[in-house]
Amino acid sequence: MTAAKHIRLSWVLWGAIVVTALIAFNRGIDLLWGTTILLVIATLAASLLPKLQLHGLTVERGRFPSSGTVGQPMKLSYRVQASGWLPRYGIEIHDNLPALVPNGITAFIARVKGTQDHAFSWIPRVRGCWRLDALRIESRYPLGLTRASRTATHTEGAAAPELVIYPDFVPLRWLPLRGEANPQNEQRITRLRGGHDEFFAVRCYRPHDSLRSVHWRASARMGELVVKEYEQQQDRQLWIVLELSEDEHVGEGPDGTFEYMIRIAHSVAVKAMDEGVPFGLMYDSGERIEHLGPALDRAHYLQVREALARVNPHARSALTSNLDRLWEALPGGGCLLLFTPRDPRGRAELLNRARRHAAHPMYVEFDHDSFVRGERNAHVRTQHTPQGLVSIVAYGADLTELFRT
Amino acid sequence: MNIHAPLDSPRYARRLWWVMLAGCAARFTAERSAAEALAGFLFWACVFAGCWVLRGIVRRGGDAAARAEKAGNVVAVGGLLLFLLKINSDGLIPALLVFLFAIQAAAFVSAEKRLHAWLIVGAAFVGLLFAAAESRSGMFLICATWFTFAALGLLTFDQSRDQECKALLLPRDADNRSGGALVFGTIVLAITLPVYLFVPKPAGWLIGGMQAKTAHDYRDYPNTDRRPPPIDARTAGIDPNTDTSGDDGGAMASLAEQAPATATPESGAYGESFSSSNVQRDRGNANAIVMYVKSSHDVYLRGKIYDYFENDRWSRREGAARTHRLERGWLDLRSGKQTDTMVRQTIEVVAQLDRVLIHSPGLERLRFPGPRVRSYPDGVFEAPHPLLPDTTYSVESTIDLWRGRYLLRDPQPADMQPYLQLAADATDRVRSLASRIAGEGEDAFEKALLLERHLRTQYEYSYETIPLQGYTPIDSFLFETKRGHCEYFASALAVMLRTQGIAARVATGFSLGEPNPITGFYEVRALDGHAWVEAYIPGEGWLMLEPTPFYPLPDASPEELKQVADETERYLDRLAETQQTLAPESLKTALIVLARYVDANASRAATDCFRPTRARMDGGLSCCRRRSTRGRRILRSAPDHGCAHEPPRSRTALPKSARGRACGGADARGRARTRRDTARVPPQASLDVPRIFDASRRYAERDSPRVCRGFRSLALQRRRAHREQRGVRRRAYHDRDAHRARPMAARSQDTRSLAPSHQVPGTDNRQPRRSGREH
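Those protein sequences? They're chains V and Y, same order as listed.
Here the first sequence stands for residues -6 to 398, numbered as in the working numbering.
Here the second sequence stands for residues 3 to 777, numbered as in the working numbering.
As a list, the in silico PhoX-like pairs of lysine-lysine whose alpha-carbon atoms are at most 25 Å apart:
1) V/106 to Y/168
2) V/44 to V/106
3) Y/168 to Y/115
4) Y/168 to V/68
5) V/68 to V/106
6) Y/215 to Y/88
7) Y/168 to V/44
8) Y/72 to Y/115
Everything labelled a hint here was simulated from the structure, so no lab data went into it.
All chains, full assembly: derive it from the sequences and hints.
This is the structure in structure tokens:
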């Protein structure tokens, strides 16, 4: 069966051609000679037709959204135009959409004649940001013996230049802010409104900012909308610190710890916003420490989501190896969500220093072995340690159970 | 392509079923019997249909894969049992084919992956290859076309499905047909057909290709220690005067003694065993195929040789027979003599024959499925028993092309007197005629050629004398009737040669005719029985002479590069000619003539395109080609056609592409040409349906009153419609009153003037087809 994996139809066809030709020529059998010709013509035609297929074929993006979310269906379309009266078959469209398999087929169109809009539905599986370059069309019709490829004509303005796929989130059932993991205590937490915080500054209005926060007087004075920013109480903040070093992660794509981390961060952010806890995001982009927030409004959430969609692992050292920079950027007090490093020494140091720096540190620790082996384990183990609350997440874990003690 | 991908669409089952069915149909085109082929096909079609139902049943509910595998195993076990039954009854190859079908059925039931689908297609393709090697039927092309569409449809669908599954986006419209198989199949067939027709195909290498097989048991001779049963009537104690059947009658007489239930004159014997009355009475058998022959050269198949002529009848002198033991089916008589032409033939017997082995003269190697064969000094070989259908044997013969004629370089017989024997009642005017004609010749060869040419040019071939088969009144033929069939010509030439002191004998057998363009096999029919002359040239050997103008002169050029298009044209010519001879009034005749017309028109442009140098190859013959279209020229004796250039000496003097098109009087292809003038159709470079209609109508009016009535009624309807339309216009634009005032007789005259000009030709006023056109 191992050898059977390497069987190619072209080999089979050429082998059959050689065998039939030898028999036909040796015995002088006309029908075998005809069968040989039939096989040769079929093989040659199958090898040449892909190139002929792409002649006079143009593809452009039709209705195409600029963003989406992992796990949520999207609708998009391509407009295909085939010149001449001959239909085209088996046209593959290769677009720069996020896919699990790199360089895979984006869309397959069985038959094209004239100008047609082909609508597709798509459920993104990978978050990220992709620049939509020119389309590439391919054809392997009819037998897949050869592949012809051509870059399709790209019409300016016909498609969004960039496609952002936001990470999905899971509805966390527990988020022990301020170290309270008891669900009964969570019910006493009241939503914070702006009036409880100290005024910090005004800034320009950004989309999705609440109209309640608009400083109307200042807006009238400055001639543009400005909103009020409040410095929230530090002990009621939640900071999510991402570890982007690729050395600290295992696994590929959605099944890797990196995407688990993004999903968890997104879920925590959503939960914090629901709970009325200002949250911020911090990560080392490789060049500097980036931090967003803390804030509680929707505009801030969208910023955080955008950042979560765009971050990618880098090859630099782990954030925990440069904790001084981290603590400089982080305000003291409040809650802190950290992803523990793989190195036991770095992990121990992180736990010790985080406890000293934050009021309520929380840690997410990945069971890297399960990710490497691909062994699913839905159970999430959460335990209190002297350094804080630690949840151990394995591959396939039910993230809704995160931080459940 | 991932061959382990699942067959996740119900369309796979349907497409696989069609592939299996098409492969099955193609395989059964190899059956000789139509009833057996139909029965076999229906049986396996039912089996495959049952497997489809079974596949649907076992896939309902859970654990479908395990149940499908079990069901597939059950089917495979059934196939194994069939294989065991078949191997005992029919042999290994048919049993293996049965097992192949059973494997397909089992794989079909349990198919889960694409690998299984590939295996099914591969097994069906093996069946197709077997059919291609064994089939002699044109139905194979239909089944192969079917299989092509089915297999390409499956593979195209599979590829499309594979890509579709790999695609990231899902189509939103439900109607996502993965089409293109029909287009691809059409493209492939549209390219394949002209390539197959016009690309020359080489002759077979025949490495290990000398086949010998049979479904029967050719045991040793019934009485190996005794002399063989007499073939010659004289040695059997029968008065030679009563052996009036000539070549065929003698064979049939001896055959009747040895195997009373073997053959009838229409089916089993060689030679022109039928008479024209037989043709009228039993046309089907006269046109029945006696054997299929794969031959490297267009050489006559020789059976018996006759050397004794008395009372206008030929009989055979029997020499000492020699029995050869075959070593593993091989008989090697190679003498190492240097010859020009090695003729390789594989003969598949279809009808029951005499025990004489039919093959090209000069046998050197024989492969026969029996323990022994017997040979006679004159080169006749015999099998232990009469040859039964489904027997295949192969021969290698050496024959020289010497001065334009075939020559058998055999040593001079010790006793030449029998070959110089003349009947006691031989008339002087035969001697004087032969002396007058051959007088100009300096040696035996030239004399023989002069006599042969005289008969080919001055006498006419006719079927009318066939009722007198075996009886050859040379005197009346040479000086009174001057018409006859091949026996008359052969007898006359042999006697005339003997009068000039040239040893001669009459050989009987079959002419090969034209190969079937589809299968490449010569279809030798009972109608192809023939007689010719072998004359001994001192110091050289036996020279084959063809005195009958109906048959072409020998062509010893090896047919290494043949075109199916040419073969198709010649085959259609011959088919039409035979059909017109046997059933001139049938619709089939009109259809074949129509097919000839379509073939000539459709292939002309393509032929010119594929062979642009033909005009150069034809050289000086272009004047003739301008007067005629390919294959439609009237070829007669040189004085008739008025061509200025010198006619070629033989067909071999021409290039292959020009052969059969050259004008050349006596040297031209007689038989096919003499009938072609009945199909004198104006050349058309493109298909023109009205012209085809008119041409077919003309043929039908001339040859078939029944078809003529159909065509004429159509023509009348058209004329009536036209007349009515014209009448409407006339009433609208002309004076209606003046028209009505004309007398009825005048209007009737108008009507008669619109009647078809071709009246129904009755049997009496029908012109004989060959009168005035034959030699």
